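**Q** Under the working numbering, think of the first position of the sequence shown as 1, with each following residue one higher.
Possibly wrong hints are sitting among the right ones.
[What the hints assert, rightly or not] Below are the BS3-like pairs computed for lysine-lysine, each with C-alpha atoms no more than 30 Å apart in a straight line:
1. K158 / K30
2. K167 / K310
3. K158 / K126
4. K126 / K98
5. K36 / K51
6. K126 / K19
7. K165 / K98
8. K45 / K30
[Stated by the list, open to error] Simulated DEER-style distance windows between Cβ atoms:
9. T63 / V241: 31 to 39 Å
10. E157 / I397: 54 to 62 Å
11. L309 / E375: 33 to 41 Å
12. E160 / L231: 30 to 38 Å
13. M379 / L231: 23 to 31 Å
14. I397 / N215: 38 to 46 Å
15. A239 / A323: 38 to 46 Å
16. E160 / G94: 15 to 23 Å
17. G94 / Q21: 20 to 28 Å
18. G20 / G285: 47 to 55 Å
19. G94 / R50: 38 to 46 Å
20. E361 / V23: 19 to 27 Å
21. W223 / G94: 52 to 60 Å
Derived from the structure by calculation, the hints contain no laboratory data.
None of these values were measured; they are calculated from a predicted model.
A virtual CB, placed ideally from N, CA and C, is assigned to each residue, including glycine.
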Amino acid sequence: MAATAAAKEIYIWEGKDAKGQTVKGEMSSKSIDLIKAQLRRQGIKPTKVRKQKPMKGGGNSITPSDIAIFARQLTTMMGSGVPLVQAFEIVAEGLDNKAMARVVTAIKADVEGGSSLTVALKAHPKQFDDLFCNLVAAGEQSGTLERLLNEVATYKEKTEALKAKIKKALFYPIAVLVVAFIVTAILLVFVVPQFETLFEGVGSDLPAFTRMVVNLSEFMQAWWYVIFGGLGALIFALAKVHGSSQKFRDGTDRMILKMPIIGEIMHKAATSKFARTLATMSSAGVPLVEAMDSVAGAAGNAVYRDAILKMRDDASTGQRLTASMRQTALFSNMCVQMVAIGEESGALDDMLAKVADYYEEEVDNSVDALTSLMEPMIMAFLGVVVGGLVVAMYLPIFQMGDAF
1 MAATAAAKEI
11 YIWEGKDAKG
21 QTVKGEMSSK
31 SIDLIKAQLR
41 RQGIKPTKVR
51 KQKPMKGGGN
61 SITPSDIAIF
71 ARQLTTMMGS
81 GVPLVQAFEI
91 VAEGLDNKAM
101 ARVVTAIKAD
111 VEGGSSLTVA
121 LKAHPKQFDD
131 LFCNLVAAGE
141 QSGTLERLLN
151 EVATYKEKTE
161 ALKAKIKKAL
171 FYPIAVLVVA
181 FIVTAILLVF
191 VVPQFETLFE
201 GVGSDLPAFT
211 RMVVNLSEFM
221 QAWWYVIFGG
231 LGALIFALAK
241 VHGSSQKFRD
251 GTDRMILKMP
261 IIGEIMHKAA
271 TSKFARTLAT
281 MSSAGVPLVE
291 AMDSVAGAAG
301 NAVYRDAILK
311 MRDDASTGQR
321 LTASMRQTAL
331 FSNMCVQMVA
341 IGEESGALDD
351 MLAKVADYYE
361 EEVDNSVDAL
371 TSLMEPMIMA
381 FLGVVVGGLV
391 VAMYLPIFQM
401 GDAF
């Protein structure tokens with residue numbers, strides 16, 4: 001069914017209702033004929049049906065944050081007693097992101113046409129992943145849709161908050177290097193040449209350190225376009241390869257885990273994602289083996305993904321989860337012990353949620369500590385770079401003063 005839903009497109013339709021009034025809307029289906037047939041079943045005579053063209057410019061990108069907001073809004077509406085179809089309409093009207101509003105409107109139309117919410121969501125696989133759809137399906141089957149939508153909303157909010165912390169941890173050192181490079185380039189290209197003109201009238205040999213900086217400045221002036229162009233091409237090539245090569249992405253994930261400080265933060269983040277996702281799936285009553293596929297996809301790191309898939313295979317043969325976790329050598333003793341207690345007491349989802357909370361706080365503390373550590377390092381690094389260039393430029397002037 002997921003494959004069928006994935007082939008659907010969004011169509012804009014216009015028609016006449018039973019009273020002869022013009023009505024308009026959006027609906028997702030596999031063809032125009034199916035749209036027309038569904039409209040007729042609703043008592044609407046279709047006059048125009050066309051495929052929705054992608055919007056250009058701003059507002060066309062749907063982010064995971066948009067999905068988290070949608071899940072929370074839908075949960076709030078249902079908790080207030082608003083019928084599901086009306087909730088979709090209210091949510092769509094309040095969205096600033098037009099692309100997300102179109103998706104919500106299409107889901108509303110599918111539900112109005114008789115589709116289950118799960119099927120309507122699966123028509124948009126780029127926005128709603130297997131984990132989201134599986135939890136909604138479990139809620140529909142058990143009659144606890146509101147509770148599980150709340151679980152989904154909480155899960156999305158916490159995972160997005162965790163991603164923001166990880167991005168902050170990775171962005172800071174990169175920003176330091178970029179700022180240092182730009183400041184150095186500006187000094188070498190625009191400031192040092194002014195001193196070089198002054199040195200030409202000195203008539204004596206320049207100190208070795210000054211000569212080195214001057215040579216570097218001349219090189220930058222002559223080849224700056226090659227340097228910046230080469231860096232731009234390298235970044236573009238790496239981004240291209242990263243987007244197209246799974247092997248390259250896996251290698252990058254392994255390398256990041258081995259980095260000092262950053263690697264430790266990534267370990268904690270992956271453990272938190274594992275625990276949070278499995279806790280959410282477990283609380284929804286999804287079987288462990290089935291849940292592990294979604295958990296592996298949400299881990300955010302190839303090393304943890306492969307380990308979780310191995311744990312899934314072990315679980316399918318009857319092996320305990322804690323035994324598989326120990327074999328991976330990726331999870332801390334505390335994490336394994338908490339999961340063991342959860343397995344023994346039958347409260348695995350509660351224990352996993354506690355593990356996720358703990359490691360999310362650890363990531364938060366680690367990122368704050370990294371930020372506090374990097375701030376003086378930035379000042380020191382830029383001070384050495386800028387100060388070194390200033391000293392190099394003033395050395396000949398000091399020597400001239402000594403000569404007199």
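**Q** Please flag the earlier hints that this structure goes against, numbers listed from lowest up.
**A** Those not satisfied are hints 1, 6, 9, 14, 19 and 20.
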